[in-house]
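Protein chains in written order, with the numbering used here: chain A, 1101 to 1413; chain B, 1101 to 1413; chain C, 1101 to 1413; chain D, 2 to 125; chain E, 2 to 125; chain F, 2 to 125.
In short, the hints are calculated from the structure, not lab data. Since we're looking at a predicted model, the values are computed, not measured. Treat the hints with caution; some may be incorrect.
Heads up, simulated BS3-like pairs for lysine-lysine below, C-alpha to C-alpha not over 30 Å straight-line [unchecked claim]: (1) K1125(B) - K1125(A); (2) K66(E) - K1125(C); (3) K1125(C) - K124(F); (4) K124(D) - K124(E); (5) K66(D) - K66(F); (6) K1125(B) - K66(E).
As a plain string of letters, each chain reads:
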Amino acid sequence: MSSLDPVILFFLLGLVAGLLRSELKLPGALYDSLSIFLLLAIGLKGGQGLATQPLAPLLPQVAAAVALGVVQTLLAFGALRWLFGFDRPDAAATAAHYGSVSVATYAVATAWLAARAIDVEPQMAVLLAVMEVPAILVGIMLARGIDRRTDWAALSHEAFLGKGVTLLLGGMAIGWAAGPDGLQPISPLFVDLFKGVLALFLLEMGLIVSRQVGELRRRGLALVVFGVAMPLLSAPLGAATGVALGLSVGGTTVLATLAASASYIAVPAAMRIAVPQANPALSLAGALGVTFPFNLLVGIPLYHRLAVALVGS
Amino acid sequence: MSSLDPVILFFLLGLVAGLLRSELKLPGALYDSLSIFLLLAIGLKGGQGLATQPLAPLLPQVAAAVALGVVQTLLAFGALRWLFGFDRPDAAATAAHYGSVSVATYAVATAWLAARAIDVEPQMAVLLAVMEVPAILVGIMLARGIDRRTDWAALSHEAFLGKGVTLLLGGMAIGWAAGPDGLQPISPLFVDLFKGVLALFLLEMGLIVSRQVGELRRRGLALVVFGVAMPLLSAPLGAATGVALGLSVGGTTVLATLAASASYIAVPAAMRIAVPQANPALSLAGALGVTFPFNLLVGIPLYHRLAVALVGS
Amino acid sequence: MSSLDPVILFFLLGLVAGLLRSELKLPGALYDSLSIFLLLAIGLKGGQGLATQPLAPLLPQVAAAVALGVVQTLLAFGALRWLFGFDRPDAAATAAHYGSVSVATYAVATAWLAARAIDVEPQMAVLLAVMEVPAILVGIMLARGIDRRTDWAALSHEAFLGKGVTLLLGGMAIGWAAGPDGLQPISPLFVDLFKGVLALFLLEMGLIVSRQVGELRRRGLALVVFGVAMPLLSAPLGAATGVALGLSVGGTTVLATLAASASYIAVPAAMRIAVPQANPALSLAGALGVTFPFNLLVGIPLYHRLAVALVGS
Amino acid sequence: MNPFCVDPNDIHPVTIPSTPMTTAVTTEKRTLLTVFTEAALEPLLVADMNRLGIRGYTFSDARGKGSRGVRDATWDESRNLRLEIICARAQAEAFLQHLQTRYYAHYAMVAFLSEVEVLRPDKF
Amino acid sequence: MNPFCVDPNDIHPVTIPSTPMTTAVTTEKRTLLTVFTEAALEPLLVADMNRLGIRGYTFSDARGKGSRGVRDATWDESRNLRLEIICARAQAEAFLQHLQTRYYAHYAMVAFLSEVEVLRPDKF
Amino acid sequence: MNPFCVDPNDIHPVTIPSTPMTTAVTTEKRTLLTVFTEAALEPLLVADMNRLGIRGYTFSDARGKGSRGVRDATWDESRNLRLEIICARAQAEAFLQHLQTRYYAHYAMVAFLSEVEVLRPDKF
Ligand SMILES: Nc1ncnc2c1ncn2[C@@H]1O[C@H](COP(=O)(O)O)[C@@H](O)[C@H]1O
Ligand SMILES: Nc1ncnc2c1ncn2[C@@H]1O[C@H](COP(=O)(O)O)[C@@H](O)[C@H]1O
Ligand SMILES: Nc1ncnc2c1ncn2[C@@H]1O[C@H](COP(=O)(O)O)[C@@H](O)[C@H]1O
Ligand code: NA
Ligand code: NA
Ligand code: NA
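Chain A with its partners taken away, still in its complex shape (with noise of 0.2 Å):
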């Protein structure tokens, strides 16, 4: 418990090889091959679990997670506009990032769970999905108002179709119906190297972060001021939702670690497009930079301790 987890370590291989700037480069392919594997995992995990129980107490959780997404990004814009001075577009942008979420810091958090013996309820992964997607409507009102020009097709496209809900809904979805026997012959590749491959893609997280500190040190402190005290505020409102919701210790704190995080995958994608005006290299370093390390090192005991303190372990 006193140690840190492996995945960890690999992280902060990748952050101090980039930093001394060691030649140490993975494939784009790789990259891309990682995230497309743990999305699956994700999903598949999430939906065998759900084959196991009724689907309609999910109905309000679900609701919940995108009320939470809603009021993050809201608290996130007003935040970035009137104290920390970001025009409008960034300031929608970078609320969009927080308001969504990060599916390596849930997997992060849910590998430290499990390391704990700690249950997670499995529809947790639904709600990864569903929290993904309001931050990025949201922001882009936030950016733009509400006019007639707005595509909303072309949006919610975007939002619903991108590379990673396909994949966590999609993977769900199989999950689902095939259920734990049914996924047994797949398992070797999607249970048992599910952490390893997380170990690599934090390594390539940590030489992506490491790119983060020419942005952060150009902003000064403000972002660095924001990207921690931005999760401090959106956990307890996680983890709030989670008691309100009856989650055990587990899923509070994930769902606590959820509210904390900012998204890198669906968000930056989403924002470049609908709000061009907005620079992603902000929204990026606060985020990536920030956020995604304090998560990591700091956050996740941290949140489970908040989760302890009102559920009671």
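Following the hints, put chains B, C, D, E and F with the ligands in place on chain A, whose structure we already have.
Chains B, C, D, E and F with the ligands alone, transformed into the frame defined by chain A:
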């Protein structure tokens, strides 16, 4: 037995994602890597089986497989040319696809049988490799006639030293030389992960199949009718050959499936070079867009029932 | 013991396929990914072993490995310059290849020993990493002399922060920090799949080696003679060092193999930049085209017998 | 008059005198529009080209540096692409204009025109 | 006479006046032949070039759209390549002619010529 | 005077007459320097460009054949790259000169210049 195999569900996920125009895309290098893995793994498995039995009885089986490939190609050519009105090059090239075999279909069939604990003769992998080739040569002769200018050296090189045959035969040679014990240390990769990798590969196949729909629409019913009728004709031919060779129910099912399947790796590449006048979109729309999903979803269980009827279970 | 290890068979498959000009090609991204995997896995394994023992005794071993690398490079340079008539840059660059080490050869040697249940000291992975570097620096000095214009900062960066050393040392640091228990969850990837991945990597190495044949033919016998004689000279040096350091039979075999092996990752890249006048085709034809297969097929068992003779089994 | 000094808007066949080793090749001038930009724009550019009636184009992967910093292709957000379109001068200019209006202000993008000679003018 | 209006068949050195920051660079005109086509043709094109005495070429990966539809590089059959050859005008035309005769009718293929300046004329 | 026959060193705006479907596009001439070389040189070339004040460039992956043999990109040592730089003629020549001095003798390298038209001349 009632529920769908998860590998089929991956295929359907790819198909649906492609039809809904999801942004899901697998890197080209991943597709290549998965197919190299599958070919090697199938070869290793076959070779390892061969190591435990005498090789002499293989000869008649190889000869029968060659004959089966030739007969199928001629039948398909006749049907396409005179019943469906294809021009000579298109009929020849498409016939070569149907006279050859599909590695993915073979893999799904053997996985389907393994899930039902039905034994399969190890030499089926040899027949898979053998059946890749004759249809290519027959197809070229049908398209061009046998003339002096044909560069048979180049053609045989293409047919025997293409990626598929090299990896299947190479894997088989390694499996045969190393034997089951020798392969032990590499089986966590090549055996345990086989089905998971097949699932990922079929996800990509679903995406590829979804892109054949445009061509299918342009060509109207003809391709759909041929793409379903041809395997329904070939499978009994394959099953009968299996019975004549004294194969088990499992082996007969696989031989029927091989006969029913249509190539989409070795043959398209060879035909593109050897019969340039043929439209590759046409053959692929049939082989990938119709026959491949038909075999996966409907054919394999059907061919198994046929084999049971002929051999007894 | 009599039959060939399957990983060697994969190497031979690649070699034969390449010589027959098969169309088999592995995607570049796969080659990169496999080599990243192997370097990390070797590092992790070594680091995990180090975690269970005091580090102080390592220092003399590291010093001896550095000396071994330096001596080998000087010997190779002398031989190439005065016995084989190479010009100064070619002699220096080629000598650097032979003074350094080959990760794939190391991996095959440890797998060979593991298959025979012969223990190896965990710190051999440290020596592997250590021995990558000194030959590079010596080679550069031999080529250029020590002059003021040499950019030693850039060179050390190249030598110490290249991909190979970063991953080996990084993996070792992670393995050491996490310890055997910490690595448990990622061992299905990094331990169980190691030999399968090595097999795939050697398939590609076979293809690459097959392309050295042209250069070998142009250069006549000289390269072949040097490529076989040099490891036969280096291996006893390495074995003697192993005995002097009090290593076990396994450790002595590995140190002899390391000495006998020639680099084809770190050194070619560094020499290309630092000694541009040298012809890279020459060094690679020797290191890859002669010495690598020689060590794999003949050398390792030989060095093992030497170690047994010196240490007692 | 030198065939390489014609007004590029004025598209007409250029017959190049045959050399001993070839028969005459008749080429026509067209314009090649090359664009370096963010990979995320690929679907948008495809939609634009389809709408504007551009019949052919080629994409490839790239990385680079420009006024918007280094884009080194290690992950989705930092990938570049190269787009090439061979077409009539007027169409190339129309598309360039469109790129300028719609994308130049907010995206990493560089575009330039050059003159090329093609064999089958009806294709472009 | 303007160096950019010379007959491209008439290959001769072009000395560009030095600027303060450089010494004079002496370049010569050559022709760049670019081909976009199906990836499956790579070995055939290599054989053709070797036979026709073309000493240097460069390939890279591509995807695109043309009269033969969308080729999006997701799998073997839908990959494109870009081939570039720098050579004398006559050789470029000879190879273009060869491409037209042998491949244009049946393969997805686009080829075009442009003028470039090189430093070491003996190489090309 | 034909706008395509100007001295390329003499950089000035070129207004191309508008066509029915476009408003006038004002382009300027710049030089495109293209380099094919060994992938191992990428970091050195980046350092050179930064030192020489080149503000933008694009890399992509390639493979090929030349006087130093076949480089087929199957592994690190046999990878090529393509580097493209759009800049003023003088800067392109200065960099070409630098390439010639520093790399031509020992590395697989081919470089050539061509003329292109850009929209935002201040960028290049
Ligand atoms: N001068 C240049 N020469 C070649 N490529 C360039 C140049 N400037 C920019 N680029 C490419 O265009 C992309 C976008 O440029 P920018 O909008 O200036 O950031 C860069 O990432 C480079 O790939
Ligand atoms: N007008 C064009 N501009 C640029 N690339 C083209 C154009 N037309 C075709 N291509 C490329 O050439 C390939 C073959 O073209 P096609 O023979 O017209 O199908 C396409 O897949 C594209 O990559
Ligand atoms: N004539 C040529 N046309 C196009 N590319 C070339 C040519 N010559 C060489 N190249 C490219 O430049 C690289 C280096 O050339 P070289 O220095 O001649 O070996 C080759 O690997 C090719 O990619
Ligand atoms: Na969040
Ligand atoms: Na068949
Ligand atoms: Na050595």
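Verification of the supplied hints:
Between the alpha carbons of K1125(B) and K1125(A) the distance comes to roughly 22 Å, so the proposed pair stays at or under 30 Å and holds. A distance of roughly 26 Å separates the Cα atoms of K66(E) and K1125(C); the hinted pair therefore holds under the 30 Å criterion. The straight-line distance between the Cα atoms of K1125(C) and K124(F) is roughly 41 Å, outside the 30 Å bound, and the hint therefore fails. The hinted pair formed by K124(D) and K124(E) fails the criterion: a straight-line CA distance of about 33 Å is larger than 30 Å.
Of the supplied pair hints, the one linking K66(D) and K66(F) holds, its CA atoms being roughly 27 Å apart against a limit of 30 Å. Proposed proximity of K1125(B) and K66(E) is supported: the alpha carbons are some 18 Å apart, at most 30 Å.
In this structure, the hints that do not hold are numbers 3, 4, in rising order.
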